[in-house]
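Visitor: Okay, so the sequence shown: first residue is -15 according to our numbering, each after it adds one.
The set of hints was computed from the structure by calculation and includes no laboratory data.
All of these numbers come straight from a predicted model, not from anything done at the bench.
Glycine included, C-beta positions come from ideal geometry on N, C-alpha and C.
Keep in mind that a hint or two might mislead.
Here are the simulated distance ranges between beta carbons [unchecked claim]:
#1 Glu131 / Asp74: 41 to 51 Å
#2 Val111 / Glu45: 15 to 25 Å
#3 Thr49 / Pro129: 19 to 29 Å
#4 Asp16 / Gln103: 12 to 22 Å
#5 Arg(-6) / Ala90: 50 to 60 Å
#6 Asp36 / Pro58: 14 to 24 Å
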Amino acid sequence: MNQLNGIVRRLDELESVESIKKLKARYFRFIDEKKHAELAALFTPDATVVTDGITWASPKEFADTIRDLTGAAPSVHHGYMPEIEITGPDTASGTWSMDDLLTFPAGPQAPEGHHGYGQYRETYRRVDGQWLIDSVLLTRFRMDPLENWIPVE
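Construct all of the structure, not just a fragment, from the sequences and the given hints.
Guide: Below, the structure written as structure tokens:
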């Protein structure tokens, strides 16, 4: 490989890593902004999604379940300290530290809120020039309960 080819390869890897970081940022933002159709579109159609031991049939089922469980409840999701490795011309893997906060309006049937801490282990695939999430394994290491809130009327 000549020097120019090496520079082009390294530049592509840097651009790919940055694109994957932006992809994951949109993932967290779409969850918190309740943009569930947009969230599902961040995945390959045949992506494997496993969260806290639950395997979802499809990215759409995952996004729809988040919509149905959280409704309008405010949430905060953070991902940080990414370790992204380009594994092939159109494939990559990554590990992200995460924490999330979710609380619900108080009521007799309200689920308990939580502050969770954990890790995402993911793979990515470039499809038609766009990086998408191809697999997700979310494991939470700790879940602290949070009190729910009373909506202001």
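Visitor: Could you check the structure against the hints above and give me the numbers of any it violates, in ascending order?
Guide: none
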